[in-house]
Amino acid sequence: MTDTTTLAVAARAVGATKIYGAGDTEVRALDAIDVSFEQGRFTAIMGPSGSGKSTLMHCMAGLDTVTGGQVFIGDTDLSTLSERDLTLLRRDHVGFVFQAFNLVPTLNAIENITLPMDLAGADGDPAWIDEVVDTTGLGDRVKHRPNELSGGQQQRVAVARALAGKPQIIFADEPTGNVDSNTGAEILDFMGRAVTEMGQTIVMVTHDAAVAARADRVVFLVDGKIVDELADPTPEGIRDRMNRLGT
Amino acid sequence: MLRLILRNLVEKKIRFALTTLTVVMGVMFVVGAFVLTDSLRATFSELASDIASGTDLIVRTAQEVGGDFDRPPLPEDLVDPVARVDGVGQVLPAVAAVNVVIVDGDGEAIVPPGPPALGFNFRDSLFFLVEGRAPVGGGEFAADADTAARNNLRVGGTYAINGPIRAEDFELVGVFNFGSPDTNTSVGQTMAAFDLPTAQRFLGFEGEVLTIGVRVSPGADPAAVKADLEAALGDSYEVITQQIVAQEQEADFGDFINIFNWILLVFAFIAVFVSAFIINNTFQMVLDQRVREIGLWRAVGATPRQVGWSVIGESAVVGALATAVGIGCGMGLSVVLRVLLRAGGFGLPSGPLELRPRTVLLAVLVGLGVTVISSVGPALRARRISPIAALHHGYRIAPAGLRRRLITGGAVAAAGVAALIAGMFGGLGTAPTLALIGAGALATFIGINTVSPAFARPIARLLGRPMQAVFRVPGRIARENAARNPRRTASTAGALMIGLALVGLTAVVGESVETTFVRTLDNAVTADYFVRSTRQGFNPSAGFSEQVADDLEALDELDRVVRYRFAFGSVEVNGIPRDITAAEMAAVESHLDGDVVSGDLASADPPTSVALHVDPAADLQVGVGDTVEMTFPDNETATLTVAAVYADATIYGNWLIDLALWDEHFNRSDLAFASATIAGFSDDLDEAEQAVLLDRSRAAIDEALADYPTVKAENRVEFRQSQQAQLNSFLIVITLFLGLALVIALVGITNTLALSVFERTREIGLLRAVGMTRRQLRRSIRWEAAIVAVFGALLGVAVGVVFGVAATLALPDAFVNDVRIPWTTLAVYVAVSALAGLIAAIGPARRAGRMKVLDAIAYE
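If you're matching them up, the sequences are chains A and B in order.
Numbering-wise (the working numbering), the first sequence opens with residue -16 and increments by one.
Numbering-wise (the working numbering), the second sequence opens with residue 13 and increments by one.
These are computed hints drawn from the structure, not numbers from a lab.
Hints may contain errors.
[Stated by the list, open to error] Distance condition first, Cα-Cα at most 25 Å in a straight line; then the derived DMTMM-like pairs of lysine to aspartate or glutamate:
1. B:864 / A:75
2. A:149 / B:775
3. A:208 / B:867
4. B:864 / A:114
5. A:149 / A:180
6. B:864 / A:113
7. B:864 / A:9
8. A:126 / B:775
9. B:864 / A:14
10. A:149 / A:172
11. A:126 / A:113
12. B:864 / A:180
[As the list claims (entries may be wrong)] If you want the footprint, here are the derived chain A segments under chain B, 3+ residues with CB under 8 Å:
13. 71 to 78
14. 94 to 104
Even for Gly, the Cβ is constructed at its ideal location relative to N, Cα and C.
Construct the complete structure from the given sequences, taking the supplied hints into account.
Set out below in structure tokens:
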């Protein structure tokens, strides 16, 4: 919280509300959320199942739309964008890392990494792409297809893809959810270095306190509302907060 | 188990509907073919007895060979002796002739689309007036109701009629229904009726009649009268009963109906065959998608046998439903076809639809049988799914090894080719030949389809290269997706492969025949003008009056006119009916050169000579100077000397006699064809002089032919063009085949893509999340379809060209001796297929585009 005034904001939500259904079956997945994600920081969103943490991420990333309030990536108000403009925004300004099935199986690793740029017909920054590819540590396996790579390697390729286009912000949804803990740690290191060394902005959804502790800041969500947050977290601190929130 | 099967189907409605659709199409054509022809047959059978019911007995010349219109007439003097026989109540002398063409009020000849143009004498027993009165005297005629209505002929109007001998003007005094008081059963024929003396004069029966109908007196026994008549008339004449007349009439109708039946059955065969591939493919894909679910069944205790039967059960439900729907659609198709045929000028009578048990049985065999058989393979594979599949995310059923595929497919294809060769050269009867060729084609296609996955991947990659270059990422994704599952790509392309193989085969044979034909014409044709009926090209049964030739011969501008007569199967040699051409032997070579290889036509004795093509000459082992026994329609057998043997059957047909001999034995004098040379024309003249002669002769001919709108004269260039145009008309048939194959292939591609898109939901979600626009996504799916379609088309064209060249080499040299492959046409077919692929993908592409990115990502 202390840095919000000094750092530029990569993405923010203002009174963001998401309602599913109507009448008796109405569900408020997001309830007038105000939140900002600063540039160059690694933020974790935590909360129990059904708290709306994934919905928040999807709405902020332009994968889903809010039913009320506004969401900004940089200065762009996502609620004013058409479906096509949203797609282009995702392609050019947002990076994604999903829990699983991150890569297009018919494309090899390097093709997956440059996919958003290729879709845009842009060349990207070759030196930067080389650097990103280097950091994956894949070596000559970059010409391999996803089914020839290990789970950890696949996730690193996914992170590299998110980084390659120098997006304004990267959203990661349980990026370590599908790999063993060693590999998970390796991926988190990789993401951490992307923030500290490359100055990237990452927002990560997780339910694992140990994972969340790798972030600079943790935001806690319960029933579609932000109920608390923690800067420079430790696993114990997070568990303590979670327990107090009654989850 | 049944409940599970049904629930599965209900949940996957679209997939179910698409699979069903392909089966429905096959069943529809089978049912449509039989319902239409059965209904027509039933109606015609009724008509035949109606037509026959006007007379009890018919007296006519006994005839062993030749068609009805070649039957020698009876002397008119025979009518009185017939009438005097005991028990004969009423005599109805009849004459009839073909090539009696009415010219409508606008000066246009009324030309039936295929059936003949007939002339009769008017008889109350057969012609039922609906307007006006019966024709009386030399200047009147009546027309059948359909001809009158379609061509706006008005009672009271005067119309020219081109008869077999000359053209005359007649006043239309009546309009009638033929055969039955309620419906006109002219079946697309045009009919003009005159009173008896006029018909005899105009149709060429001076002092003669074709048959004498007899009505027995009340109380007389027809059988007894028949016996008395036979005793009175002797052996040269026969007396037939009403039943025989009806049967003969029915048989005539039957020939006409069988043509439709065959065409529709060929369509049905293609539809069913192609559907089988699509069904098999669909069940395979559905199975791949349900692996986890089936693993779960296995985990909770279903036996492999139960799993296998559940797949078969599902196909049985699809097959049963498709059969039911297909039968309904088939009935609809037969109604539509009847309407179309009627619109096309074939006046088919209406009547109830006949759905015979045999038709239903066939529909079930086709619909249920094909579906269930197509699902046997997938069912066997389903049995191999282990319970582990339920737990394991990436579980795949191991596909059959490439090696095994190559060996099995190669063996099946080789067996198919062997059967084809045996069928073509085995010299077997018609039925076993067709069976062998059909089975051979089937096995060949299945074999090729089994082998084709082996090269689907490299070829799909190759075909996708330009798309990747043009469309970048969407092109790349299209290319990779097309190459991703070679088995699926190959079987989806299978439908197009079969269609294009048939089309390619026909195109190669057609082009080769055309080339040979045109070259032969160029070599053989020396006359300057060719006179023929305006009815579709060189159609020997569409003749014209001999007077046309007389009129042309009278022109100073023309040198010489050669006349040609023709009859199908009207003479017999060695007990086999033969087509016969007649022309003036001494002159014919100077107009059309048949390439005589031995003997001499010019010096032949006209009434006792015959010339024949090298093929029958070789078959009968006769040469110049040998004799041949030929039986004519008048039952006389003549011993003819072979005067010449020629190599080119395009011009003379297989058997050629002189006009003098024809006139002795045939009562028909209409011409099939005539050719003429220009007076004073020679290659020594300079161009200007030639042009003057050409213009003058053309003007003179046009004036002479003005009275005969059914006849036209063509110069050498026009003649060649019209002959080519006629050969091209069978391109229409090819196009129909292509159209049908494309429609079914379209369904197949749509089906496969819909399932593939469904299968790739997560991948599509991912692509959309990282920034693929809807347009890019749709584009990638469309081009994937295009790659698959082009793969199938190329495969089909390759197979078609190989078969086409083989068939061309197998055909007798007289038809074709110059193998030509129409590359441009084939390229167009491939391009059309690609377009069809793009169209087929529209639906699945849209569906993929509409997928919500989030749902797609979350899809398990």
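Structure-based check of each hint:
Only pairs whose Cα atoms come within 25 Å are accepted, and residue 864 of chain B paired with residue 75 of chain A is accepted, the gap being roughly 20 Å. Between residue 149 of chain A and residue 775 of chain B the alpha-carbon distance is near 23 Å, which keeps this suggested pair within the 25 Å criterion. Of the supplied pair hints, the one linking residue 208 of chain A and residue 867 of chain B holds, its CA atoms being roughly 23 Å apart against a limit of 25 Å. Note on residue 864 of chain B and residue 114 of chain A: the hinted pairing is violated, with a Cα-Cα distance of about 34 Å set against a maximum of 25 Å.
Straight-line distance between C-alpha atoms of residue 149 of chain A and residue 180 of chain A comes to about 13 Å, which keeps the hinted pair within the 25 Å bound. With a C-alpha separation of about 33 Å, the suggested pairing of residue 864 of chain B with residue 113 of chain A is violated against the 25 Å cut-off. Of the pairs offered as hints, the one joining residue 864 of chain B and residue 9 of chain A holds, with about 21 Å between alpha carbons and a cut-off of 25 Å not exceeded. A distance of roughly 20 Å separates the Cα atoms of residue 126 of chain A and residue 775 of chain B; the hinted pair therefore holds under the 25 Å criterion.
A distance of roughly 23 Å separates the Cα atoms of residue 864 of chain B and residue 14 of chain A; the hinted pair therefore holds under the 25 Å criterion. Proposed proximity of residue 149 of chain A and residue 172 of chain A is supported: the alpha carbons are some 18 Å apart, at most 25 Å. Among the hinted pairs, residue 126 of chain A with residue 113 of chain A is consistent with the structure: their alpha-carbon atoms are about 14 Å apart, no more than 25 Å. Only pairs whose Cα atoms come within 25 Å are accepted, and residue 864 of chain B paired with residue 180 of chain A is rejected, the gap being roughly 35 Å.
Against chain B, the region 71 to 78 of chain A contributes 4 residues with a C-beta closer than 8 Å to a partner C-beta. That satisfies the three-residue criterion, and the hint holds. A stretch counts as covered by a chain when three or more of its residues have a beta carbon under 8 Å from one of that chain; for the region 94 to 104 of chain A and chain B the count is 7, and the coverage holds.
Consistency note: the structure conflicts with the earlier hints numbered 4, 6, 12.
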